[in-house]
Each structure stands twice: as C-alpha cells, then as structure tokens.
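Engineer: Chains as they are written, first to last, in the working numbering: chain C, 1 to 149; chain D, 1 to 149.
Worth flagging that the hints you see were computed from the coordinates, not collected in a lab. From a predicted model like this one, the values you see are computed outputs, not experimental measurements. We put the CB at the ideal spot given by N, CA and C, even for glycine. Wrong hints could be hidden among the right ones.
Unchecked claim - Cross-link-like lysine-lysine pairs, in silico, BS3-like; alpha carbons within 30 angstroms at most:
| id | chain 1 | residue 1 | chain 2 | residue 2 |
| --- | --- | --- | --- | --- |
| 1 | D | 88 | C | 89 |
| 2 | C | 88 | D | 65 |
| 3 | D | 23 | C | 88 |
| 4 | C | 89 | D | 65 |
| 5 | D | 93 | D | 65 |
| 6 | D | 89 | C | 89 |
| 7 | D | 64 | C | 100 |
| 8 | C | 93 | D | 38 |
To be verified - Covered, in the sense of this in silico footprint (three residues per stretch, anywhere, with C-beta under 8 angstroms from a C-beta of chain D), are these stretches of chain C:
| id | stretch |
| --- | --- |
| 9 | 52-60 |
| 10 | 70-82 |
| 11 | 86-92 |
| 12 | 98-108 |
| 13 | 112-119 |
Number of protein chains: 2
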Amino acid sequence: MYTIGQVSQMCNIPVSTLRYYDKEGLFPHMERVSGIRKFSDRELETLHIIDCLKKSGLEIRDIKKYMQWCAEGSSSYPQRRELFENQKKAVEKEIEHLQKTLDMLRFKCWYYDTAIADGNEDRINEMLPNNLPVDIQKLYDHAHSDDED
Amino acid sequence: MYTIGQVSQMCNIPVSTLRYYDKEGLFPHMERVSGIRKFSDRELETLHIIDCLKKSGLEIRDIKKYMQWCAEGSSSYPQRRELFENQKKAVEKEIEHLQKTLDMLRFKCWYYDTAIADGNEDRINEMLPNNLPVDIQKLYDHAHSDDED
DNA sequence: TTAACAGATAAACTTGGCTTTAGGTCAAGA
DNA sequence: TCTTGACCTAAAGCCAAGTTTATCTGTTAA
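My request is simple: use the sequences and hints to build the entire structure.
Structural biologist: As structure tokens, then:
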C-alpha cells in the first residue's frame, strides 16, 4: 500500500493529477484509511492502463466508463474487448499518419541541408515537384499523398 | 488562386480555422483583393507544413516563428534545419511510445479473448505476471517496460 | 428590390485536462 | 507548545486551439 505522495514519486505524476483522476472516478476500488487514500498494486496497474488509453486518444470520461465496466464483472467482457480493439485500430492509424509526418520532416531536413550547401533554394525549386533524387522523391510523395480512409 | 471557402472544401478544414491561422500569422504572404483573402498554391503547401508541424507536437506560436524565419531568407536556413531535425526526433520518440501502447492494447485484446473463452479471469491471473504464452508475454513485458530517456 | 450567399471582423465562448488556491486535519520532532 | 509537512476538499483558474456569435459588406438571382 502506498500513499499518494509515494505513488507520485514512483510514477512521476503530480499529486494533483492523482487526486484529479480519483475525483473523476478512475480508481473505483481505492481504499481509504481515515480519509487518506491507500494506493495498492491494483491502482498502479490502473495507472498503466490510464496512460495507455490516454495515449490511444481516449478521454477521461471514457476511461471512467471502462473502469465501470470492469466493476460490472464478466458481463462486460465483450464491451471491454471491443474498446481495446477500437483503440488498437486508432493507434495503428495514428502511427501511419506519424510515419507520413516523419517523411515530411526527413524531406525538410534534406531540403535545408541542400539549401545550406547551395546557399539558396534555386536548385531545389527546379527539382520540385517531380525531379528530386529518387530516395527524396519517395519521402516527398509519401508526405504529400492523401489518406483514403 | 482560391477563396477561403474553396480551400476549406479542398482541404477539409473549417473556414473558421483558416481565418484563425491567418490571424495568428501563419500565412505571412497571403494576398487580399479588396479585403478578400486569396489563397495560392504557396498557402496550400503552407497548410501541409502546418499540419506536419502540428502533428509533430509544435504549437501555433512556434509554427508562426518558423514562418517568420522563412520570410527572413537564407540567413535562417540553419535554424529551420534544426527545427525539423528536432521535430523528427520528437516524432520518432512518439512512435516508439505508441508502439508500446499498441502492445498493451494487443495484450488486452488477448486478455479479453481469453476471459470471454474461459468465462472468467482466473486462468489469466494465474499466468500473470511471468507465465503468459511466449508471444503474449513479449507484448506484456514491452508494454510494462520503463523508458530510460 | 429584396433575399440569399460568401466574404469580413472583433470578441466572447467552449473544451479537456489539469493546476492552483484557500482553508482545514492530523502526527511527529524541536 | 509550536511548527513543519503530508494529507484532505472544494472551487477557481489556466491554457491552447479552435468555434461561435453578432454585426457588417458586397455580389448575384429571382
């Protein structure tokens, strides 16, 4: 069992944030001893899941809904399974978007390397948009491709 | 040349957002004809870069700073190059984090598949935290590993 | 000529996720 | 005893990134 201050240090999360999560109902099983919160390993694992679901794009209120499903027992397995499936798809899609973003950034690094070497952007502008070096063209084209959702 | 409404449709961005970006100084070269904004291909490419920098985690004010650097000419090539280099690193790191998030989500999908098949979580809890099926253990361990920054 | 649009502005509002503030309880050490 | 520090609550505040609202202008179509 840990106090809120210990959890804050261990997990590197402000005390105010932990209290906020608690107020929002993200630790439905947390015990209290004369008013003082007692975090157990269960709550530490919950913090892991909160972090995961947050990064996957879920809002606090939806994380709360998940916690409530957990409290409902085995009847909510299907909903919970579906939630994770959906968030998995969302994160896969976001990683794809970020790969495209990355290719734009890589292109821009090449762009400025070249501009610095040349002292201007004239040569690059002559190559744009279709006569870039093969590898760079790939980055550029990927970065400028549309997503068909 | 395009009106704000045309750009909004083409790029699927609300008119209000385009005006907001303009107000924040993200289109320093945009022309106006008797008060009406005229978006050119330059502004469309700028929208691409705004999108890229936003996704990489940059705030509007920093994107504005970049636009100002562009207006300063070749003397700011090094700063611009450094900006893209930094954002590239930031996105690479974020993709790594998301890969870990993804492994947690995959683990949870397996978890609930198993719980649904068993009707309860007893068997899973016996396997936790170190006796999961090999492939699943990998997901679990990766998802629960600490980042040493 | 009048109504409907598309464009414009300034300023207020919204949202989510915290953080800060103000005020209070309780236990331990000087 | 008194003060320090960790805990508590409720409520207000903050911030970024838009969005909405109220009001105005100019063009076209019936």
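Engineer: Look at each hint and say if it fits the structure.
Structural biologist: To see whether the hints hold, each was checked on the structure:
This hinted pair checks out: residue 88 (chain D) and residue 89 (chain C) have alpha carbons roughly 24 angstroms apart, not beyond 30 angstroms. Distance restraint check for residue 88 (chain C) and residue 65 (chain D): the Cα-Cα separation of roughly 35 angstroms exceeds the 30 angstroms cut-off, and the hinted pair is therefore not satisfied. For the proposed pair residue 23 (chain D) and residue 88 (chain C), the alpha carbon gap of about 37 angstroms is over 30 angstroms, so the pair is violated. Proposed proximity of residue 89 (chain C) and residue 65 (chain D) is contradicted: the alpha carbons are some 35 angstroms apart, above 30 angstroms.
At roughly 23 angstroms between alpha-carbon atoms, residue 93 (chain D) and residue 65 (chain D) fall within 30 angstroms of each other, so this suggested pair holds. This hinted pair checks out: residue 89 (chain D) and residue 89 (chain C) have alpha carbons roughly 24 angstroms apart, not beyond 30 angstroms. A threshold of 30 angstroms between alpha carbons decides the hint, and for residue 64 (chain D) with residue 100 (chain C) the separation of about 22 angstroms falls inside it, so the pair holds. Between the alpha carbons of residue 93 (chain C) and residue 38 (chain D) the distance comes to roughly 34 angstroms, so the proposed pair goes past 30 angstroms and is violated.
Against chain D, the stretch 52-60 of chain C contributes 3 residues with a C-beta closer than 8 angstroms to a partner C-beta. That satisfies the three-residue criterion, and the hint holds. Residues of the stretch 70-82 of chain C with a Cβ under 8 angstroms from some Cβ of chain D number 5, which satisfies the need for three, so the listed coverage holds. With a threshold of 8 angstroms between beta carbons, the proposed coverage of the stretch 86-92 of chain C by chain D holds, since 4 of its residues qualify and at least three are required. With 8 residues bearing a CB less than 8 angstroms from a CB of chain D, the stretch 98-108 of chain C meets the requirement of three and the coverage assertion stands.
Counting residues of the stretch 112-119 of chain C whose beta-carbon sits less than 8 angstroms from any beta-carbon of chain D gives 5, enough to reach three: the coverage restraint holds.
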